[in-house]
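Chains as they are written, first to last, in this note's numbering: chain A, 1 to 160; chain B, 1 to 387; chain C, 1 to 407.
A couple of the hints might just be wrong.
Unchecked claim - Cross-link-like lysine-lysine pairs, in silico, DSSO-like; alpha carbons within 27 Å at most:
1. C/Lys238 / C/Lys384
2. C/Lys11 / B/Lys321
3. C/Lys11 / B/Lys73
The hints are simulated quantities; they were obtained by calculation from the structure and are not laboratory data.
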Amino acid sequence: MALKKWLDKLTLLDLFDGLSVTGRHLFKKKVTIEYPEQKKLPSDRFRGMFRLDEERCIKCTLCAIECPINIIYIDWHNEKNEAGKNEKVLDRFDVDLKRCMFCQLCEEACPTVPKSIWLTTKTYEMAAYDRNESLYLDIRKLTDWREAPNVKPFTVVERG
Amino acid sequence: MTLSPMFWTYLKVVLLVATVPAIVGFVIVFAERRIMGFMQARLGPNRVGPQGVLQGLADLLKLVTKEDITPAKSEKAVHFLAPVLAVIPALTALAVIPFGPPVKVGKTTIPLWVADINIGLLFLLALTSIGVYGIILGGWSSNNKYSLLGGLRSAAQLVSYEVPMGLALVSVLLMTRSLSLVEIVRRQEATHLWFFFPGMVAFFIYFVAGVAETNRNPFDLPEAESELVSGFNTEYSGVKFAFFFLGEYTAMIIISCVAVTVFFGGWLPPFPNVKQLDFLGLVPGALWFLLKVSGFIFAYIWFRSTFPRYRFDQLMALGWKWLIPISLANILVVAFAILLFPGRTTGLVWLSWIFGGLFVLMYLLAKLRQTLARRDRLAATPQSAQG
Amino acid sequence: MTDDKLSRAEKDEAAYFAERAKARAAADEAGERTEASPGAHTLFDVQEMELNFGPQHPSTHGVLRVVLKVDGEKILEAKPDVGFLHRGTEKLFETETYPMGIPHTDRMDYVAAATSNHAFCLAIETLLQVEVPRRAQLIRVILDELQRLSSHLVWLGTSGIDLGAVTPFWYAFREREQILDFFEEYCGARLTLNCMRIGGLPFDLTPGWTERVSEFIADLPSRIDDYEQLLTDNRIWKKRTVGVGVISAEECVEWGLTGPILRASGLEWDLRRARPYECYEELDFVVPTRTGGDTYDRYIVRVQEMRQSARIIQQCLARLEPGEIRGKVPRVIKPVAEEVYASIESPKGELGFYCVSNGTNKPYRMHVRPPSFINLQALPRLAKGHLVSDLVALIGTIDIVLGEVDR
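My request is simple: use the sequences and hints to build the entire structure.
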């Protein structure tokens with residue numbers, strides 16, 4: 001045993017082995033994806049930017065109740081529609097993106113089929129130069145991303 | 001009008017001082033980052049310029065345009081002087097290094113070195129010692145007790161490793177009996193024997209001590225980021241930091257150049273005995289020199305990306321308890337080999353075969369033992385315990 | 001700095017020294033001599049320096065402050081000062097319903113989020129006496145072990161960097177990237193997973209997921225061989241880690257240390273074996289144990305745990321059958337008024353949740369037993385007598401995540 005260890009130590013075997021590992025990696029193919037020219041496609045379940053569908057929404061406010069951080073602010077009022085029945089009309093549907101942790105509990109709570117609020121939009125480029133305006137989404141920005149200039153859609157995924 | 005010899009000397013000095021920092025900044029910094037990146041399974045910088053070649057320029061511009069901060073209670077004069085003291089010895093050392101054989105330009109023969117003094121090696125060792133001042137003063141003048149500690153540690157390391165470096169070179173001196181670097185190359189040319197072969201042990205000690213001298217991994221504890229601070233150059237920014245940086249990398253070049261000159265034949269092509277490989281002599285000597293030095297710089301980068309760092313007390317123990325006794329023993333062995341066959345190189349040739357043969361044999365034995373042990377271990381452990 | 005500020009700094013300094021002199025004089029009068037009295041320094045007096053291994057530091061794995069008392073380079077005392085990342089997680093649990101607490105557990109041990117989710121769900125499932133279906137159990141184990149791999153890869157990389165070996169970090173993160181891709185494909189996020197629900201899982205696996213994971217696991221042993229070739233036999237690595245931070249098994253038990261630290265000291269205690277949960281009873285794996293108790297042993301234990309995790313995942317993938325992924329859980333979760341403690345083996349040690357419910361839909365108290373916090377308590381004991389350079393090795397070997405330490 002002692003002879004083996006002495007032999008290894010003297011011939012610097014461990015050091016040469018280490019050098020061979022890095023030497024091998026010098027010639028291996030690299031897996032780097034060079035952003036922004038190449039972008040990785042997010043998966044189908046990727047939790048990104050919000051989208052809201054106002055027509056499907058039944059204004060049950062379950063999403064606001066389930067949100068762990070209470071960043072969804074919903075206001076609605078009753079109105080009589082043409083048939084004379086009471087109908088809920090959405091006044092305000094705000095999501096404070098500054099504090100959102102993208103946990104998807106709001107989407108899970110939504111009872112409509114298909115969901116009225118969803119995060120699986122594969123969009124993650126929502127950076128903004130000013131926080132308070134661009135990172136506070138109101139109903140216009142949620143339903144139509146063209147109103148939110150800082151949001152760059154990855155691919156527009158329409159949940160039909 | 002004939003140009004006086006001094007003209008050529010001045011021209012060479014200007015060229016060296018102008019190109020070497022540029023090479024350091026543009027080529028070595030870029031090469032290090034790119035090669036280290038490749039070894040680490042990633043691409044290095046490849047944005048600035050085609051394939052990233054202008055990264056050195058970007059770094060230089062950034063450092064030069066940074067604010068020059070001097071800590072409030074520091075000694076301003078010393079704070080200013082320290083980087084200068086780190087850079088000047090390294091640049092001065094370039095003067096004695098022979099970059100190639102003398103070239104004929106018209107009727108004059110210009111040697112490719114600035115000065116061939118007959119105490120070349122001693123001059124180089126002396127300059128390395130002066131470089132230590134820059135580090136101590138840099139650490140002390142920052143008015144930061146952690147910088148001071150880092151500077152003192154670095155200085156202790158540098159001073160300790162100068163001894164094995166010198167002793168390793170002494171064993172080569174026994175083979176050449178001259179301190180002049182040009183003379184060392186000529187002797188390797190005359191005897192057709194690169195001093196690496198009889199001086200294998202001396203080369204290993206020299207290179208390890210050289211890596212320690214330049215504060216490079218695995219001996220870079222004084223300037224490691226994961227230690228308390230970045231060592232003596234914490235309080236330096238902008239051009240002053242660039243100077244420290246430049247000094248370290250130029251010292252790397254100097255160590256590599258000396259290793260090439262003393263152990264690997266300087267500008268000589270390999271295999272001079274083999275008639276079939278005579279075409280190698282067509283390649284200009286300066287190009288051979290450049291290739292060899294590049295190989296050593298690659299070795300520096302390779303070491304940096306592979307090895308962990310020695311702790312400071314282990315570092316000092318390695319230098320004093322291992323390298324110095326081994327280099328002393330090496331001197332005795334080489335002297336013995338030379339004395340056995342006075343006036344001829346037979347002793348050295350025997351020594352090369354003994355050293356080389358022994359090392360290759362032991363390495364193969366060790367590798368064989370490792371493979372067998374691995375196979376035994378895999379066969380012995382049940383399937384459940386293996387990965 | 002203007003002259004005004006300079007003199008203020010000098011005044012502060014003078015005040016500090018005057019105070020120290022007074023304290024020394026008082027100690028001298030009382031008969032206790034902790035340091036040499038002023039003006040009587042001999043060559044052999046201990047001059048201790050108080051050093052702040054500050055919250056901002058490249059190798060404290062987060063915001064950890066360690067107040068050191070050093071003599072030259074030897075550490076006399078090392079006191080961790082935590083709390084920089086405290087976010088009131090346990091209080092948050094009390095103000096929200098049970099399912100809303102799961103995303104918060106992600107952020108405690110953010111490197112191993114699935115295990116934190118798992119422990120939380122396990123505690124509530126024990127309260128509700130809900131049975132988790134078999135397929136969900138198998139997938140939970142797969143996610144846990146993938147997370148263990150990911151956490152150990154992070155540990156390997158950062159430990160290496162702290163000690164100067166810069167390449168294992170990149171190799172480890174290249175593997176970890178694939179694991180994060182698997183998680184992203186499964187639950188939509190890479191780091192803060194929210195991948196378990198009370199009673200089971202939120203989704204079923206996507207088609208092709210199991211094949212990709214199998215491929216990755218088949219490749220993994222050769223990658224781990226690479227890391228081992230770089231580090232395990234390397235003389236410099238051994239010099240930095242052998243004999244550093246030795247702790248015996250009895251002391252581990254006294255201090256309450258669990259996880260790889262305990263196993264490297266000789267005691268073969270792994271909750272997956274000792275108190276099996278989910279389907280660990282039927283799985284065949286070895287619990288790596290070493291007897292030395294130093295940093296090198298902990299390194300070996302963790303690397304071998306990585307290999308064993310790969311085996312566990314292979315076995316679970318082979319046992320997967322179609323089935324339910326969520327047990328019968330009421331829509332509004334109102335457990336009986338009871339207390340329960342449930343713990344699992346997270347990559348860092350024993351992660352437990354002590355849940356006290358009072359019959360409403362919000363817990364009365366949800367206390368976390370964070371392995372990183374309890375393991376960190378041993379830092380003063382481990383660091384005594386070592387050099388400052390060893391402190392980074394020790395913080396790395398205890399493998400803390402500040403999110404869990406501070407919650």
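Unmet hints by their number, sorted upward, for this structure: 2
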